[in-house]
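Engineer: Spelled out, the chains give:
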Amino acid sequence: MKPSAGLTGLILFTVALGPAAELHFTMAGDPKTLDALQVAESHSETIRYLTGGVLLRINRTSGRIEPELAESWTVSTDGKSIALHLRAGLKFSDGTSLAAADVVRTLQRALDPKEASPAGDAFRSAAGDPEITASSIRDVDIRYKTVKPGLDHLFDQLAIIPEKTAKYPATAGPFHVMDHRPGQFVQLARNPNYWKHDSAGRQLPYLDSIRIDIQQNDDIEMTRFLRGELHLIANLDPENFDRVAKEKPGAARNLGASLDSEFLWFNQAPSKTVPDWKRKWFLSTAFRRALSQSIHRDDIARVVYRGHAHAAAGPFSAANKVWFNTAVKPVAFDSAAALKELSAAGFVLQKGVLRDHEGHAVEFSVITNSGNRTRERMAALVQSDWAKIGVKINIVTLDFGSLIERITKTMDYEACLLGFNNVEIDPSEQMNVWLSSGAQHPWWPNEKTPSTEWEKRIDALLMQQASSGNAAVRKKAIDEVQKIAMEQEPILYLVNPDYLCAISPSLQGVAPTAAPPQIWWNIEWLKLE
Amino acid sequence: MKTPRRVAWIVLSVVCLAAVLAPWIAPYRYDQQFRDFPATAPGAQFPMGTDEIGRDRLSRLLYATRVSLALAPAAAAVSIVLGLGFSLLALSRARWTREALSGITTLSLSLPWIFLFVILRAELPLNTDPATSILLTFALMGIAGWAWAGRVFSASLRSLAGADWLLQARASGMHSWRIAAVHMWPHLRSIALAQFRVLIPAYILAEASLGLLGLGVAEPLPSWGNLLKDLQHPDTIRANPWALAPLALLMLVMICLEALGSDTNNEVTV
Numbered sequence: 005m006k007p008s009a010g011l012t013g014l015i016l017f018t019v020a021l022g023p024a025a026e027l028h029f030t031m032a033g034d035p036k037t038l039d040a041l042q043v044a045e046s047h048s049e050t051i052r053y054l055t056g057g058v059l060l061r062i063n064r065t066s067g068r069i070e071p072e073l074a075e076s077w078t079v080s081t082d083g084k085s086i087a088l089h090l091r092a093g094l095k096f097s098d099g100t101s102l103a104a105a106d107v108v109r110t111l112q113r114a115l116d117p118k119e120a121s122p123a124g125d126a127f128r129s130a131a132g133d134p135e136i137t138a139s140s141i142r143d144v145d146i147r148y149k150t151v152k153p154g155l156d157h158l159f160d161q162l163a164i165i166p167e168k169t170a171k172y173p174a175t176a177g178p179f180h181v182m183d184h185r186p187g188q189f190v191q192l193a194r195n196p197n198y199w200k201h202d203s204a205g206r207q208l209p210y211l212d213s214i215r216i217d218i219q220q221n222d223d224i225e226m227t228r229f230l231r232g233e234l235h236l237i238a239n240l241d242p243e244n245f246d247r248v249a250k251e252k253p254g255a256a257r258n259l260g261a262s263l264d265s266e267f268l269w270f271n272q273a274p275s276k277t278v279p280d281w282k283r284k285w286f287l288s289t290a291f292r293r294a295l296s297q298s299i300h301r302d303d304i305a306r307v308v309y310r311g312h313a314h315a316a317a318g319p320f321s322a323a324n325k326v327w328f329n330t331a332v333k334p335v336a337f338d339s340a341a342a343l344k345e346l347s348a349a350g351f352v353l354q355k356g357v358l359r360d361h362e363g364h365a366v367e368f369s370v371i372t373n374s375g376n377r378t379r380e381r382m383a384a385l386v387q388s389d390w391a392k393i394g395v396k397i398n399i400v401t402l403d404f405g406s407l408i409e410r411i412t413k414t415m416d417y418e419a420c421l422l423g424f425n426n427v428e429i430d431p432s433e434q435m436n437v438w439l440s441s442g443a444q445h446p447w448w449p450n451e452k453t454p455s456t457e458w459e460k461r462i463d464a465l466l467m468q469q470a471s472s473g474n475a476a477v478r479k480k481a482i483d484e485v486q487k488i489a490m491e492q493e494p495i496l497y498l499v500n501p502d503y504l505c506a507i508s509p510s511l512q513g514v515a516p517t518a519a520p521p522q523i524w525w526n527i528e529w530l531k532l533e
Numbered sequence: 005m006k007t008p009r010r011v012a013w014i015v016l017s018v019v020c021l022a023a024v025l026a027p028w029i030a031p032y033r034y035d036q037q038f039r040d041f042p043a044t045a046p047g048a049q050f051p052m053g054t055d056e057i058g059r060d061r062l063s064r065l066l067y068a069t070r071v072s073l074a075l076a077p078a079a080a081a082v083s084i085v086l087g088l089g090f091s092l093l094a095l096s097r098a099r100w101t102r103e104a105l106s107g108i109t110t111l112s113l114s115l116p117w118i119f120l121f122v123i124l125r126a127e128l129p130l131n132t133d134p135a136t137s138i139l140l141t142f143a144l145m146g147i148a149g150w151a152w153a154g155r156v157f158s159a160s161l162r163s164l165a166g167a168d169w170l171l172q173a174r175a176s177g178m179h180s181w182r183i184a185a186v187h188m189w190p191h192l193r194s195i196a197l198a199q200f201r202v203l204i205p206a207y208i209l210a211e212a213s214l215g216l217l218g219l220g221v222a223e224p225l226p227s228w229g230n231l232l233k234d235l236q237h238p239d240t241i242r243a244n245p246w247a248l249a250p251l252a253l254l255m256l257v258m259i260c261l262e263a264l265g266s267d268t269n270n271e272v273t274v
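Chains as they are written, first to last, in the numbering used here: chain F, 5 to 533; chain W, 5 to 274.
Hints in this document: simulated from the structure, not taken from any laboratory.
Just so it is clear, the structure is predicted and the values come from calculations on it, not from any experiment.
Please note that a few of the clues may not be correct.
Each pair of labels, with its calculated beta carbon distance range [to be verified]:
1) F:T137 / W:L128: 56 to 62 angstroms
2) F:T277 / W:L120: 17 to 23 angstroms
3) W:A78 / F:M182: 57 to 63 angstroms
4) F:A464 / W:L128: 41 to 47 angstroms
Computed footprint of chain F on chain W; a stretch qualifies when at least three of its residues, placed anywhere within it, have a C-beta under 8 angstroms from a C-beta of chain F [said to hold, decoys possible]:
5) 30 to 43
6) 166 to 174
All C-beta atoms, glycine included, are put in the ideal place defined by N, C-alpha and C.
Just need the whole structure built from these sequences, with the hints factored in.
Structural biologist: Laid out in structure tokens, this is it:
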């Protein structure tokens with residue numbers, strides 16, 4: 005059968021247009037919401053980032069703030085207000101125009117207590133919510149009663165939403181949601197009204213669409229990537245990274261230390277289940293420092309992470325170039341020095357068993373979440389290291405729910421091995437960890453008053469950095485917090501795992517960084533060849 | 005004794021002997037870490053290679069065999085004894101006893117045992133020593149698993165209860181216990197052995213799953229269950245096929261038990 009002239013023409017026309025450029029990758033779960041103001045987990049966050057139009061964006065490579073929907077902005081010299089000037093002719097993906105009123109409505113909804121919007125949390129202030137006004141169709145003013153540090157940084161997470169609600173809301177970002185089949189996929193299409201153009205005048209994004217399959221199984225994801233069915237894998241474990249490096253060498257990317265950290269801490273809070281003598285150990289700085297000193301962090305990085313991790317040096321990863329205190333170094337392994345420090349603190353090593361001055365053998369349990377092979381292996385290495393100084397630990401793996409209940413509510417545990425996934429580079433993200441009154445203050449959550457002088461000092465420094473608009477003052481305060489953290493070691497930082505990913509060579513324009521979303525932070529500039 | 009049965013006895017004896025002698029014949033301690041040799045391929049120093057943190061796979065397998073081969077059959081035996089006991093009770097003439105036991109069996113089968121294990125873990129002190137934790141886990145598995153065996157025994161006993169030879173034995177004034185031991189047990193033995201063979205691997209695998217709840221065999225002590233967890237990751241097998249050794253050993257032991265059991269079945273039938 006010969007094709008008709010009309011069909012031939014259609015084929016030629018299609019060939020002339022070229023194939024649609026569709027980026028293909030997977031997520032482990034469905035987004036819980038498509039409402040940009042209700043995003044509270046990573047899958048929804050991915051969709052928000054790819055679809056949401058924001059006023060200002062943090063460049064993940066330079067760390068600088070760049071204009072997006074707002075073409076200019078001014079932060080007042082007193083650090084209390086910001087004036088934003090929108091671009092002309094902005095439109096949502098459904099063709100409706102985007103004006104200052106939309107920005108005001110978005111912010112007011114985010115701050116409305118009834119909405120309980122996670123996006124609004126960053127905009128709240130102890131002195132009260134800001135006053136938000138639209139002074140013209142393109143100008144928005146936001147004014148706080150007191151200094152609001154890093155005001156211009158807040159807008160990176162706030163997607164401007166349209167007035168009209170819909171199953172698939174209109175967006176002002178590079179893409180909009182076209183279809184979502186729970187458990188199967190999320191389909192995104194390019195926003196035909198996206199404002200951004202390249203230097204040649206071509207409207208962005210370059211990609212026509214994105215298909216995100218819901219796939220929980222890492223092995224299937226890996227197989228599909230190696231078959232060329234996926235263009236990227238956003239987060240690889242060391243084993244899979246080595247496999248990609250072997251089978252598709254050009255696709256494996258190690259971005260160096262990530263912002264994340266793995267660490268261990270002792271329960272210092274009053275607890276009915278922790279005997280007094282054990283609590284005395286955990287409250288002792290010498291005990292904590294000695295045990296920290298006898299952990300071979302380089303071995304953890306080399307053995308557990310196959311060399312794809314770096315020994316950690318405190319609350320900030322060295323990947324956080326802005327806030328990391330370069331004077332702070334990882335604790336070096338030295339079991340002889342550790343024993344000396346323990347001896348000075350009244351501990352004695354007798355027949356291979358470390359005992360305190362009352363004769364109690366140093367033995368305690370370390371809990372971690374079950375099903376995490378990396379943490380289980382780290383715990384096994386720590387167990388072996390501590391056995392060399394006569395310390396016996398019992399490793400207990402618990403399901404995540406039980407573990408969280410123990411470390412936040414019942415305090416029925418002795419030590420815990422866990423990790424932090426840091427999303428932001430700004431120290432404000434770690435306030436709830438380091439403030440003594442913080443709910444996530446691991447070693448003693450929700451302290452009524454700081455229990456030690458150094459905790460009191462950390463509280464003061466954190467409040468100082470939070471209330472200052474001066475970057476140098478903030479940096480100085482955060483540097484001192486890091487120094488105290490490493491001197492007192494309430495948290496024994498172990499390693500910062502490397503950020504490992506796989507990117508098909510056919511995906512062009514990628515500039516991966518340590519800050520999330522590491523691969524697609526510049527999604528509008530990505531091309532498929 | 006037929007050849008397959010003889011071979012099965014020899015293999016099982018060798019495996020058991022290797023498990024008992026593990027502290028003397030294992031090349032290294034099961035928890036010794038050779039950090040310069042993680043995930044090493046088999047060679048002269050490590051005949052089966054090493055695991056991801058440099059522990060000798062052969063030594064860990066030998067010690068794991070001690071734990072699993074001692075406790076899984078013990079738990080299976082507990083289930084069978086309980087199942088058989090309840091089934092014999094259910095033969096009682098009192099209707100309420102039969103119905104109550106039937107109800108208990110149904111309830112036991114429908115209970116979400118996994119939550120009971122979670123509660124047990126929550127109630128156990130975190131510093132429970134590994135031996136106590138293992139014993140408790142297997143004991144609970146043995147108790148939890150009685151109902152499956154019980155249902156099978158009940159069905160068999162119901163069919164045996166109407167047999168002519170049983171009526172004859174009763175009519176001749178034989179004591180119930182003698183009837184059970186002399187006449188009924190030979191018929192039930194093959195069922196008990198079949199249940200035994202089914203429950204052993206089930207408990208070994210259940211122990212591996214319970215590890216996810218923090219129960220069972222804790223690091224660094226090895227068991228077949230926690231060694232089998234490596235098989236969830238194809239990379240491990242690709243890198244070192246000896247990671248399959250615990251599975252192969254489990255299958256070998258099960259085949260041997262099957263060979264011994266099938267021979268017993270034949271004897272009963274004859």
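Engineer: Hint by hint, say whether it matches the structure.
Structural biologist: Hints, one by one, checked against the model:
Checked against the given bound of 56 to 62 angstroms, the beta carbons of T137 (chain F) and L128 (chain W), roughly 60 angstroms apart, stay inside it. Between T277 (chain F) and L120 (chain W) the beta carbons are some 22 angstroms apart, a value that agrees with the proposed interval 17 to 23 angstroms. In this structure the supplied range 57 to 63 angstroms holds for A78 (chain W) paired with M182 (chain F), their Cβ-Cβ distance being about 59 angstroms. Checked against the hint of 41 to 47 angstroms, the pair A464 (chain F) and L128 (chain W) passes, with Cβ atoms roughly 42 angstroms apart.
Residues of the region 30 to 43 of chain W lying with their CB closer than 8 angstroms to a CB of chain F number 4, which satisfies the three-residue condition for coverage. For a cut-off of 8 angstroms, the count of residues in the region 166 to 174 of chain W with a CB near a CB of chain F stands at 0, and the three-residue condition is violated.
In summary, the structure is inconsistent with hint 6 from the numbered list given earlier, while agreeing with all the others.
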